[in-house]
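Quick mapping for you: the protein sequence lines, in order, are chains A and B.
Residue 158 in my numbering sits at position 158 of the first sequence; the count goes up by one each step and never skips.
Residue 75 in my numbering sits at position 75 of the second sequence; the count goes up by one each step and never skips.
Since the hints were derived computationally from the structure, they do not count as laboratory data.
Don't take each hint at face value.
[As the list claims (entries may be wrong)] For lysine to aspartate or glutamate, the following EDC-like pairs were computed, each having C-alpha atoms within a straight-line distance of at most 16 Å:
{"hint": "1", "chain 1": "B", "residue 1": "165", "chain 2": "B", "residue 2": "131"}
{"hint": "2", "chain 1": "A", "residue 1": "151", "chain 2": "A", "residue 2": "127"}
{"hint": "3", "chain 1": "A", "residue 1": "154", "chain 2": "A", "residue 2": "137"}
{"hint": "4", "chain 1": "A", "residue 1": "151", "chain 2": "B", "residue 2": "75"}
{"hint": "5", "chain 1": "B", "residue 1": "145", "chain 2": "A", "residue 2": "86"}
{"hint": "6", "chain 1": "A", "residue 1": "154", "chain 2": "B", "residue 2": "131"}
{"hint": "7", "chain 1": "B", "residue 1": "132", "chain 2": "B", "residue 2": "153"}
{"hint": "8", "chain 1": "B", "residue 1": "136", "chain 2": "A", "residue 2": "86"}
{"hint": "9", "chain 1": "B", "residue 1": "89", "chain 2": "B", "residue 2": "58"}
{"hint": "10", "chain 1": "B", "residue 1": "89", "chain 2": "B", "residue 2": "131"}
{"hint": "11", "chain 1": "A", "residue 1": "167", "chain 2": "A", "residue 2": "137"}
{"hint": "12", "chain 1": "A", "residue 1": "151", "chain 2": "B", "residue 2": "131"}
{"hint": "13", "chain 1": "A", "residue 1": "154", "chain 2": "A", "residue 2": "27"}
{"hint": "14", "chain 1": "B", "residue 1": "136", "chain 2": "A", "residue 2": "16"}
{"hint": "15", "chain 1": "B", "residue 1": "145", "chain 2": "A", "residue 2": "144"}
{"hint": "16", "chain 1": "A", "residue 1": "49", "chain 2": "A", "residue 2": "86"}
{"hint": "17", "chain 1": "B", "residue 1": "187", "chain 2": "B", "residue 2": "49"}
{"hint": "18", "chain 1": "B", "residue 1": "187", "chain 2": "B", "residue 2": "75"}
{"hint": "19", "chain 1": "A", "residue 1": "167", "chain 2": "B", "residue 2": "143"}
{"hint": "20", "chain 1": "B", "residue 1": "136", "chain 2": "B", "residue 2": "80"}
Fair warning: this is a prediction, and the values are worked out from it, not measured in the lab.
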Amino acid sequence: MKKERIAKLRLFSEADVPVRVGWMNDERVYPFMGFIPPISIDNTNAWLKRVNNDSSRVDLTIVNATDEIVAFGGITAINNQVGKGEFYIFVNPDMHHQGYGKLSTIAICQYAFMVLNLHKIYLIANESNIPARNMYESIGFIQEGRMRDEKLVKGVYENRIYYGLLKTDFKEGLRLPIFTTLIDNILPPPTPHVIKQYVIRGVNSLQFQILTAHIGKEVAA
Amino acid sequence: MIIRLFQFGDIETRVRWMNLPQIYANMGFTPPITIENTIAWYSKNLTSDNRIDVTYCDDNGDILGFGGVTQIDWDLGRGETYTFISPDKHHLGLGTKGNQLLIYISFRLLCLNKLSSHVDGPNIASRRVREKLGFKLEGVIRDEKRLNGELIDRYYYGLLNREYKPPKDITDTQIRITNVEISKLLKRGAH
Chain A
1 MKKERIAKLR
11 LFSEADVPVR
21 VGWMNDERVY
31 PFMGFIPPIS
41 IDNTNAWLKR
51 VNNDSSRVDL
61 TIVNATDEIV
71 AFGGITAINN
81 QVGKGEFYIF
91 VNPDMHHQGY
101 GKLSTIAICQ
111 YAFMVLNLHK
121 IYLIANESNI
131 PARNMYESIG
141 FIQEGRMRDE
151 KLVKGVYENR
161 IYYGLLKTDF
171 KEGLRLPIFT
181 TLIDNILPPP
191 TPHVIKQYVI
201 RGVNSLQFQI
211 LTAHIGKEVA
221 A
Chain B
1 MIIRLFQFGD
11 IETRVRWMNL
21 PQIYANMGFT
31 PPITIENTIA
41 WYSKNLTSDN
51 RIDVTYCDDN
61 GDILGFGGVT
71 QIDWDLGRGE
81 TYTFISPDKH
91 HLGLGTKGNQ
101 LLIYISFRLL
111 CLNKLSSHVD
121 GPNIASRRVR
131 EKLGFKLEGV
141 IRDEKRLNGE
151 LIDRYYYGLL
161 NREYKPPKDI
171 TDTQIRITNV
181 EISKLLKRGA
191 H
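Just need the whole structure built from these sequences, with the hints factored in.
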């Protein structure tokens with residue numbers, strides 16, 4: 001039987017810190033993310049205190065049907081005047097190649113367009129990171145730039161690829177009416193940190209729908 | 001034309017120009033720029049390790065323009081250039097000449113690997129200058145900025161040290177930046 005994949009979004013919370021720190025120190029994660037280990041729990045708690053009061057970013061935890069954490073991601077550098085923000089994600093190193101990166105990316109992009117009301121999402125990938133680039137392109141990200149020699153990897157220059165996704169680039173199959181309707185009907189005016197949780201069910205690799213949404217000041221237990 | 005480091009005595013001219021629409025419209029400054037703030041900016045830059053600001057002059061020492069390399073990342077060897085020319089001396093090719101000197105010191109004295117420059121899409125004159133200077137267009141970033149209410153594209157240009165060919169007409173006498181000044185900058189970069 002085909003296993004149903006689900007990506008649930010909730011705001012990143014203090015309880016997630018140890019898992020995040022574990023991954024950030026994992027050599028299957030940090031070379032692609034620009035973290036420089038060792039990352040400590042204390043520093044990450046201090047980081048969380050800072051970002052909780054920062055309206056220019058939203059940090060999310062993505063869990064699956066059994067509430068295992070499958071990824072951390074979010075939107076940073078939110079510029080409401082232009083309507084843009086920078087996307088990031090890193091997937092559970094024990095769950096690579098299962099499609100959770102793509103499902104989580106789709107969910108976060110939906111969240112950014114529908115809830116944060118952004119016009120554009122962008123990200124910068126290492127040129128040699130072909131799997132990630134293929135995934136972004138499959139969702140509709142367009143290569144807008146190839147910045148030469150913008151990164152050093154073990155003393156060797158690497159190019160960086162700049163990707164942009166306008167609301168209108170988002171692939172047709174990813175913009176389900178049900179999603180829009182639900183967001184429009186039940187959510188208050190889009191302000192970060194008001195919506196604490198909503199659930200997206202993967203129908204197939206290109207389709208999903210909201211199952212539930214929780215609104216409130218406290219993170220749902 | 002000669003190039004030297006920006007000095008305290010240049011502040012008055014810089015502030016006067018920066019408050020003129022023909023300058024600030026293309027530079028992303030938001031006027032009013034004040035003398036006090038610019039003095040504070042200047043003092044801060046004296047110990048900053050990630051930028052160099054220069055003044056372009058004619059042979060009599062009269063100021064023709066200002067420029068610099070900012071956001072220098074010494075590990076990557078990369079920085080971003082800016083230049084603006086006296087508002088009554090536009091269309092004389094001074095922007096190109098100034099930039100040529102700035103690029104020369106960036107690659108030959110500071111030994112940077114790459115210069116980047118981000119230009120507003122509608123600013124065709126500036127884009128043409130980048131291309132004339134040998135910059136390669138590396139990206140057209142869509143809807144990156146709001147200008148007078150409209151979303152506009154930004155053009156990302158890059159020039160690498162290894163593809164740089166210095167113009168033949170640059171002479172040592174045009175470079176009025178001493179070895180002491182350069183080694184101070186490099187020392188700050190090396191921490």
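Against the structure, the hints:
no. : hint          : result
1   : B:165 / B:131 : 14 Å, holds
2   : A:151 / A:127 : 10 Å, holds
3   : A:154 / A:137 : 27 Å, violated
4   : A:151 / B:75  : 9 Å, holds
5   : B:145 / A:86  : 14 Å, holds
6   : A:154 / B:131 : 32 Å, violated
7   : B:132 / B:153 : 20 Å, violated
8   : B:136 / A:86  : 25 Å, violated
9   : B:89 / B:58   : 12 Å, holds
10  : B:89 / B:131  : 21 Å, violated
11  : A:167 / A:137 : 14 Å, holds
12  : A:151 / B:131 : 24 Å, violated
13  : A:154 / A:27  : 14 Å, holds
14  : B:136 / A:16  : 44 Å, violated
15  : B:145 / A:144 : 15 Å, holds
16  : A:49 / A:86   : 20 Å, violated
17  : B:187 / B:49  : 9 Å, holds
18  : B:187 / B:75  : 13 Å, holds
19  : A:167 / B:143 : 12 Å, holds
20  : B:136 / B:80  : 14 Å, holds
Going through the hint list in order, the structure does not satisfy hints 3, 6, 7, 8, 10, 12, 14 and 16.
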